[in-house]
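All chains, full assembly: derive it from the sequences and hints.
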Amino acid sequence: MVESEVVFRVKRYRPESGGRPTFQEYTIPYRSDMVVLDGLNYIKDHVDPTLTFRWSCRMGICGSCGADVNGQPRLTCGTYIRDVHKGAVTVEPLSNFPILKDLVVDFDDFLNKLASVTPYIVRKDWGDLTKEYVQYPEDVEAYRQQSLCINCMLCYAACPVFGSSPEFVGPAASALALRYNRDTRDQGADARLARLNTKTGIWECTFVGECSVVCPKDVDPAAAIQTLKFLATMRHMRRLLMPGASSR
Amino acid sequence: MTGREYPWKRRPGWWLRNRRYLGFQLREAGGVVCALYGLVLLNMLIQLREGESAYTAFLDLLRTPPVLYLNLVLFALVVWHALTWFMLIGKAQPIQFTRQPLPWKVVFGVNVLLWLGVSGAVVYLIFGGI
Amino acid sequence: MERTSFDIVVVGGGAAGLRAAIAAAESDPDLTIALVSKVYPMRSHTVSAEGGTAAVLRDYDSFELHALDTIKGSDFLADQDAVEFFVARCPEEIIRLEHWGCPWSRDEDGRVSQRAFGGMSVKRTVYAADKVGFHILHTLFQTSMKYDRIHRFDEYFVTSLIVDAGACTGVVALNLRGGSMVAIQGKATILATGGCGRVYEFTTNGFIKTGDGMALAYRAGVPLKDMEMVQFHPTCLPGTGILITEAARGEGGYLINKDGERYMQRYLPGKMELGPRDILSRAMVQEMKEGRAFEGPYGLYLGLDLRHLGAKKINERIPMVRELAEKYMGLDPVHEPIPVRPGQHYIMGGVSTNLKGETTLPGLYAVGETACVSINGANRLGSNSLSECLVFGAACGHAAVEFAKRRSTYPRGAAAREALKREEARVFDGLLGRERGKETVAGIRIEMQQLMERDVGIFREESALSDACGMLGKLRDRFASVGLADKDRVFNTELTAVLELDFMLDITMTIAHSARNRHESRGAHSRTDFPQRDDANYLKHTLAFQTDGPPRIDYVPVTITKWQPVERKY
Ligand SMILES: Cc1cc2nc3c(=O)[nH]c(=O)nc-3n(C[C@H](O)[C@H](O)[C@H](O)COP(=O)(O)OP(=O)(O)OC[C@H]3O[C@@H](n4cnc5c(N)ncnc54)[C@H](O)[C@@H]3O)c2cc1C
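Chains as they are written, first to last, in my numbering: chain A, 27 to 274; chain B, 3 to 132; chain C, 4 to 573.
Since the hints were derived computationally from the structure, they do not count as laboratory data. Every residue, glycine too, gets a C-beta built ideally from N, C-alpha and C. Incorrect hints may appear among the rest.
[Said to hold, decoys possible] In silico contact screen, one side only, chain B against chain A (beta carbon under 8 Å); selected entries:
1. P9
2. W10
3. R12
4. R22
5. A78
Encoded structure:
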């Protein structure tokens, strides 16, 4: 089923040789049902075993294989070559992150940010551990969209604010904070809003909206952040007007 | 021997990378323009206090073609600023009557209509009809 | 200096590893836990599980029934004490996950929903739409962030176990980013490294599922149990092997051949599409042989027809099925049947453990798909695996804590230093030093995968199996001359691929030899030359031990409590 050939231009960076990232071109056989990841794997297996990239599930759920493809952050396993092909397929490491090697970037910083928004259920009292908490389908629906984040980092790669101020908490971590705040089982909303209401929090967002455009799971982090701005403002007002009132 | 990370630096022309970034930059530029135009209006008040001749000179300046063209560009930017914000309102603060929040297009449409309405009213008040 | 001595070392950040780590962290605030994973935990392949996880939660159901379904599904090779232990603890684990925030789908009354699944006689499978593994994994991972005492080693690839004075005292790992080796010591070590699907060519498993933990234990002298028991899932997308969950049939989907016939009526009229996977996969192969399959660019396939379910139900219950079919097959299951064929999916076998996850090596525990307790016997029922990870993850975490507490002092540093030196020599000087020659890692891997697919697949027989055993030996020899092009230490994925292939070559040997030695057909192990189940001779678990040559095969009896083996009829 080989139909023709396709040119891959891949950005390479070899940490142990130093220097700046450079582009390398590979011409490989092409089938119309190939995704970009198939091309990278073809190169790895048959042309150049030194090419380095992360991947695992190849079904768009593990979030490992993000890269900038022809200038846009995408999951390489879910991007058909036929949809992006413009003479050549240019693959670069995700923007806005330091490069470890070739297409592998360092996103450890995200995990610290995620931890900083208390990404788990907080309760004063856990109640009866043998019974489920009652939650109606619409309660689940309220946070379902934000809970679909696969931590693929495409939104960070798309966010120019994060690109210039890396301490910004960023789209995915904010969306996940909202996910827990909207969960009827949770009682930790106040602390999360307090965290997000800091210098590195949601107010850095200037609503470019590109995070939601590139999100492969339709999490819409841009909207989540705006909602959080509203909630954080309400919290602030409440505290101004009713200083003594205990917050939820 | 272990390697070094290659640090990220944002390129100066990043906002030319796609249309949406460009649109965003223009929207932000539109904001700056609004602020600058405020200064122009402020200046107009100053000229008015200076006396009639200063004020007419200023108005004459506003009527010269370069300034008119500039106004056209600024007007376009302001319109763009307003429209893009209207597009975002539905997302920024989802409005919900039923289980599903209103689609952004509806919120956008309502805002545009309101805007046209208010603008029309202002035109009517000042010029007494078009 | 980074800490390198812990009470508990957990290898693996999937459902099993995370559950074990949290169990250990919760049981004692003074314990320190290392969580070592070759990928960031949320990338673990648990993430791809779609359909659901089993537990008895309703009045119409009972532990008896769940146990019986599981045992019958296992073709009576499951240990019945383990199954009883398991079914009794599934509910609390599911509820605990609910308390931790897992977005289980709900009924109108606000309770956790349950759906039908293959081989389960009632609706018993809890789900979160069809992204169950994803939600379980992220819920566990995020919950694990609560505990400072869980110290993560993300992207550390374990290359060997440290064994000192007859006990396991930690692991040696390659720090991918740093490009260096470290010894991570623990009073107790838990292997939760998942399955080994990538030894086959056509599999639902991700790239990282290379059976590392099984090989690590095997090399330390621990036997691998029932390795011939490999599950093939009937509904995978041709070409990629991406899974279409059993939930698609649980929600009412049909399997059809090219005549549009629901062919399962000829094989399993009582259960139809909701039969156990081994039977469904064999029926598919039969349909293909008899010329009733469709033909496509990637060979023969059958149809999974969801059209009668309608868009609403599909979107609500199995949205990911639609997403995957649209993305990877370019068709909408609302309007067209999905092409499917059987593919490797799961391994029932693994590191031999008891109920607490203990192996024969003191201080070494195993849990999850990498372990074999065994509750799955010769065929796992869909949705029992995630529950297994949770139930035995918790049990194993607690057992490891007890063990660690009995050891008052940390393990000897000398043994760790020695192991570290040995591994540095083997990996950096040995493997990395090899010059590139005729053999490449990809070349041998592909040959191995094709061989397993052809000779140790759904149907097996003596001549193919003995060929496979011989060929695998030859591949092992050829592997010795695989050279590397990438000489860097930092993030060398060619090097990790070599290490993984090394592990996989050990594992394929145990699979092929175990299969060759079992002269019967039971569950997923189907021998055309021995088509009957043979309880007189083979109602027992296979154990494969490492030797200098091919594995030594031994057997241990199956534990029977209440359910005497009878013919497996549905
Ligand atoms: C597509 C698919 C769908 C499935 N659907 C279901 C379902 O609906 N219901 C169900 O019950 N089961 C299902 N299963 C099975 C189930 O998902 C798995 O058996 C289970 O998730 C295994 O979990 P685990 O924790 O044992 O391993 P994994 O999740 O595979 O985790 C293994 C961990 O070990 C680490 N690791 C491995 N090797 C090393 C090493 N050398 N060094 C360091 N770390 C290492 C990895 O990084 C990873 O973190 C499905 C499986 C697949 C493939």
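Now the hints, each set against the structure:
1. Taken as an interface hint, P9(B) checks out: its beta carbon lies about 5 Å from the nearest beta carbon of chain A, inside 8 Å.
2. The beta carbon of W10(B) is positioned within 8 Å of a beta carbon in chain A (closest approach about 5 Å), and the interface hint is therefore held.
3. Because the beta carbon of R12(B) sits about 4 Å from the nearest beta carbon in chain A, less than 8 Å, this interface hint is met.
4. The interface hint given for R22(B) holds, since its Cβ lies 6 Å from the closest Cβ of chain A, which is under the 8 Å cut-off.
5. With its C-beta approaching chain A no nearer than about 20 Å, A78(B) sits outside the 8 Å limit, and its interface hint is violated.
Hint compliance for this structure: hint 5 is the single one not met.
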